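Asks: Assemble the complex: chain B is given as a structure, and chain V must be docked to it using the hints.
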Amino acid sequence: DAGVIQSPRHEVTEMGQEVTLRCKPISGHDYLFWYRQTMMRGLELLIYFNNNVPIDDSGMPEDRFSAKMPNASFSTLKIQPSEPRDSAVYFCASSWDLGAYGYTFGSGTRLTVV
Amino acid sequence: AQTVTQSQPEMSVQEAETVTLSCTYDTSENNYYLFWYKQPPSRQMILVIRQEAYKQQNATENRFSVNFQKAAKSFSLKISDSQLGDTAMYFCAFSSGGGADGLTFGKGTHLIIQP
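If you're matching them up, the sequences are chains B and V in order. Residues in the first sequence are numbered from 1080 upward in steps of one, following this note's numbering. Residues in the second sequence are numbered from 448 upward in steps of one, following this note's numbering.
Everything labelled a hint here was simulated from the structure, so no lab data went into it. On a predicted model such as this, the values are computed, not experimentally measured, just so you know. Note that beta-carbon positions come from the ideal geometry of N, C-alpha and C, so glycine has one too. You may find that some hints are simply not true.
Stated by the list, open to error - Example chain V residues on the side facing chain B (calculated, C-beta under 10 Å, incomplete):
(1) Y484
(2) E499
(3) F552
Said to hold, decoys possible - So, partial list: chain B residues that the calculated Cβ filter (under 7 Å) puts toward chain V:
(4) F1112
(5) G1121
(6) L1122
(7) L1124
(8) Y1127
(9) P1163
(10) W1175
(11) G1178
(12) A1179
(13) S1186
Extracted from the complex, chain V is given alone in its bound form:
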């Protein structure tokens, strides 16, 4: 079974700073998908960004970008120009190419943006 590890339980940065959240995963598959989800205090799980393992180019969505290192099995999320609304739990998730196990989530990182 795949595992997803987020080693930073909590992080705190000042507004407008750049912050990077770490994620590593373990799999023997070559084709898979990686995701970052945001869970604000409202509890809603919001898809932030998606990466296909067979694409070398790192995904970008506005202020959010990833650093995907396939050989190292690393998938970090960078948030630029952080805003107060970015305060939330962030979950890294893995899905195999066949998806038989569904999405596997890490334990999450609680990100706090300080004014």
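Next comes chain B alone, as it looks inside the complex:
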């Protein structure tokens, strides 16, 4: 398996623009997680899905953030409109359970909002 695949690897956008981050989980993993990493706050769980259904989105910082998982092999995290404080590395991870065996992470998307 190619692992968790995220795109793009880097994204630079202007404030106010819409940004869409993409993720392809490992086949057979029922859980998909979106994390955000910043120097100040470390790694924060934004939202997770089980069998394509959003289960807990309490970590999503604002209504500007939304996530979807239309099928078992694809998820998106969208920020609209983007702001400079959204600049961070966004990770997608997948697992076959909620956490007993850890998660497999993608290589992340570094988002810079100018």
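Replies: Structure of chain V alone, referenced to chain B:
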């Protein structure tokens, strides 16, 4: 909510030395899982080692081992015969038995292996 604390923001050791990274956590649960992840400059998060709380035996993976002290809620990582490729951020992580909160991470320790 569970918390994970890594009190060493940065550590530096010479190649081939042994180094121990500290981690403490706070939980009221009895069944849980602990992990160490490595994040090299490539940014990839790599699972290094895993410990089940109900197992007393400390986990070992080649040069990596843990010292799990359940009563003290301590979970340290020991790296033996350190190598230049071990230079990375290391994150301690916690997952409850039910996993409802996902993995909770500490702030990380930046480990530098000097040649």
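Asks: Output the numbers, in ascending order, of every earlier hint that fails for this structure.
Replies: Numbers 9, 10 - these are the hints that the structure violates, sorted from lowest upward.
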